[in-house]
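Trainee: These protein sequence lines map, in sequence, to chains A and B. If you count the first sequence from 1, position 6 lands on 67 in our numbering, and the numbers rise without skipping. If you count the second sequence from 1, position 184 lands on 206 in our numbering, and the numbers rise without skipping.
Hint data in this document are derived by calculation from the structure and do not stem from the laboratory. Given the structure is predicted, the values throughout are model-derived calculations rather than measurements. C-beta: ideal position from N, C-alpha, C; glycine also. Keep in mind that a hint or two might mislead.
Unchecked claim - Across the chosen pairs, the derived CB separations fall in these ranges:
(1) B:P246 <-> A:N366: 54 to 62 Å
(2) B:R166 <-> A:V84: 18 to 26 Å
(3) B:E141 <-> A:W65: 14 to 22 Å
(4) B:R166 <-> A:Y350: 28 to 36 Å
(5) B:H98 <-> A:G341: 50 to 58 Å
(6) A:Y463 <-> B:H145: 34 to 42 Å
(7) A:N366 <-> B:G169: 28 to 36 Å
(8) B:D81 <-> A:N366: 52 to 60 Å
(9) A:A351 <-> B:G169: 54 to 62 Å
(10) A:G109 <-> B:E141: 51 to 59 Å
Below, each chain spelled out in residue letters.
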Amino acid sequence: MINWKVIFGIAKTHLLTKMKSTVTASLGVTFGIGAYITLVSFMTGLNGMLDDLILNQTPHVHLYNEIEPSEEQPIEKFTPFEDAWNIVHSVKPKQSQRKIHNAVPILNYLREDEKVKGAAPQLNAQIFYISGSIELGGNLIGVNIMEEVRLSNIQDYIVEGSPQALNNNENGILLGAGLAKKMSLSPGDRVQISTVQGDIFPLKIVGIYQSGLADVDNARSFANLKTVQRILGEAENYITDINVKLHNLSEAILMARQLEKQFQIKARDIKEANAQFETGSNIRNLITYAVSVTLLIVAGFGIYNILNMLIYEKMKDIAILKATGFSGFDVQMIFMSQAIIIGVIGGLLGLIIGFGLSSLIDGIAFETEALPTITTYPINYNPGYYVIGITFALISTFIAGYLPSKKAKRIDPVRIIRGT
Amino acid sequence: MNTVLEAKNINKHFRKPVDFHVLKDISFNVKKGEFASIMGKSGCGKSTLLYILSTMDTDYEGNLYLNEELVTGKDHKELSRIRNEHIGFVFQFHYLLSEFSVIENVMLPAKKLGLKSEEEIIHDAQQKLDMLNIGNLAKKRASRISGGEKQRVAIARALINNPSILMGDEPTGNLDSYNAENVFQIFKKLKEEEGLSLLVVTHDIDFAKRTDRIIVMEDGRILPD
Ligand SMILES: Nc1ncnc2c1ncn2[C@@H]1O[C@H](COP(=O)(O)OP(=O)(O)OP(=O)(O)O)[C@@H](O)[C@H]1O
Ligand SMILES: [Mg+2]
Chain A
62 MINWKVIFGI AKTHLLTKMK STVTASLGVT FGIGAYITLV SFMTGLNGML DDLILNQTPH
122 VHLYNEIEPS EEQPIEKFTP FEDAWNIVHS VKPKQSQRKI HNAVPILNYL REDEKVKGAA
182 PQLNAQIFYI SGSIELGGNL IGVNIMEEVR LSNIQDYIVE GSPQALNNNE NGILLGAGLA
242 KKMSLSPGDR VQISTVQGDI FPLKIVGIYQ SGLADVDNAR SFANLKTVQR ILGEAENYIT
302 DINVKLHNLS EAILMARQLE KQFQIKARDI KEANAQFETG SNIRNLITYA VSVTLLIVAG
362 FGIYNILNML IYEKMKDIAI LKATGFSGFD VQMIFMSQAI IIGVIGGLLG LIIGFGLSSL
422 IDGIAFETEA LPTITTYPIN YNPGYYVIGI TFALISTFIA GYLPSKKAKR IDPVRIIRGT
Chain B
23 MNTVLEAKNI NKHFRKPVDF HVLKDISFNV KKGEFASIMG KSGCGKSTLL YILSTMDTDY
83 EGNLYLNEEL VTGKDHKELS RIRNEHIGFV FQFHYLLSEF SVIENVMLPA KKLGLKSEEE
143 IIHDAQQKLD MLNIGNLAKK RASRISGGEK QRVAIARALI NNPSILMGDE PTGNLDSYNA
203 ENVFQIFKKL KEEEGLSLLV VTHDIDFAKR TDRIIVMEDG RILPD
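Same shape as in the complex, but just chain A (with noise of 0.2 Å):
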């Protein structure tokens, strides 16, 4: 039975007769809003930013072979020694391939899952590099380099060259920069490579290869599955990783430890790999949050004050609404509307400003060795934050205009109109 109309009508009345209030309430909440708006797309732009570096490098389930001593020495086994107290002294790891001795079977069955988006073999490979008479140590890794594009984002990574160069060249290399650097060498070239066996193989380099992290650079390089197999002399089912990349990053744990038990097998997973990882993303949040909180808060003070000025400067007012037949409810909603315009006006101004200033440092140019694909500062043009960013500015408006309001609302009209 509220009529809102009017009710609309007084408190656009109120805050137009008072600007310069409602300006320095709503300015209070654009700032909050604004600076939520910024943090936030920068700090998750950035958050974003290292999560491509790393995580994009880093398989979600990583199996292979790891290199340990058997859990059960010969000696258990003898009967006789059964109950006693044996010690062996200087236990070395078991004779075992690097190889991973079903690949084939898993990789079949891991393409069959629904969970998993893609499985890639890879050949890793201890070599040298040739240059003269200098030899370099580093790895040549055998990959399905189309495979590759799709589950991880290697061309991101790839700065000269092309991923199909390679795959359209039996005997193509992508070299790593840092190596492309050290041997002065660049596409086109041909660049020896050696075995632990010492067996030398020409390569032609296809493309370079930048990850950004220096160690990776100075040793690592790409080249066809075959090629490497062929390299090695070993046949094709010489597989010695396999990365695995799942449609749900969440169930890389549990699928794991389930790849472990079913195939006797080393399996890591993304989150082991990078425990650390996690928690810096989740600081940097915790502090956009803290700041933006904190900005709101102290615009919703803003308004509660503003609100209560011109609560006591209405004083009059509210009692000629009450006596000619506004309810108390009336009253509060008057003041209630004035709170939520406010928040809305200032939630909306700060929206845009966010938007601007992100838009601004979107456009400085941040260029790092480290990150290929970056130009410029990375920001996050996420939706969600703006609507999490106006949805704030209302509910600290409503919060600061609820209390003020309450007291409009119980405003005894006989004691204001005479005068006490």
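Following the hints, position chain B with the ligands against chain A.
Mentor: Using the frame of chain A, we list chain B with the ligands on its own:
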């Protein structure tokens, strides 16, 4: 004849700073179409009584009936509605919303009631202002008119919803004799032509003498006729 307003054994105490029995066993009624005035010395409780009769003050003992319906004990929301629809009130001091125009002040109670369209309300408000000789002030801001003009705007506002009863606390107190006479004539005309009931506190004996009935108060009591 119907009674519009009836007070039965109304008592009121002010408890602060000391207990003060301000209204003592007030019983009287106002009939439909009756123009009654209340007189009495300053401080005898006239305003206090009027606040109770207008349902703004609910802190009293006794029963109050409006249009033969008990209003004592109703909740604030219902009382607001009753004030809006049935009671027009003119304060001892002119009270207008200073940030609104004259006509907006007059229109507000009708907008709150929400029974008429905006155009009808504007038309009615203008008509009330014209009747009180201040039609030319309609668009002015309420803070930029004289005291006497404000009082007439307040009367126009009290009349906008065609109430059952109009209560006035010295409604002509700030007016010159010409305008006081004008207001009196308007009250009289409303009573005669539209059957409006009026209950007006006044210190003006000439004004009071020309009403249908004078209620005299002394020390919180109504003196017998
Ligand atoms: N809030 C209050 N607390 C205590 N006593 C009060 C209060 N308000 C009014 N009074 C006292 O109640 C008595 C009646 O006051 P009221 O305003 O009704 O007088 P009145 O008859 O309208 O006088 P006037 O003709 O001057 O307007 C006065 O003696 C006054 O001092
Ligand atoms: Mg008085």
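Trainee: Now tell me if each hint is right for this structure.
Mentor: Status of each hint after checking the structure:
1. B:P246 <-> A:N366: 54 to 62 Å: Holds - the Cβ-Cβ distance for B:P246 and A:N366, about 56 Å, lies within 54 to 62 Å.
2. B:R166 <-> A:V84: 18 to 26 Å: The hint (18 to 26 Å, Cβ to Cβ) holds, given that B:R166 and A:V84 are roughly 25 Å apart.
3. B:E141 <-> A:W65: 14 to 22 Å: holds, 19 Å
4. B:R166 <-> A:Y350: 28 to 36 Å: Check failed, 50 Å falls outside 28 to 36 Å.
5. B:H98 <-> A:G341: 50 to 58 Å: holds, 57 Å
6. A:Y463 <-> B:H145: 34 to 42 Å: With a Cβ separation near 39 Å, A:Y463 and B:H145 satisfy 34 to 42 Å, so the hint holds.
7. A:N366 <-> B:G169: 28 to 36 Å: holds, 34 Å
8. B:D81 <-> A:N366: 52 to 60 Å: violated, 32 Å
9. A:A351 <-> B:G169: 54 to 62 Å: holds, 56 Å
10. A:G109 <-> B:E141: 51 to 59 Å: holds, 58 Å
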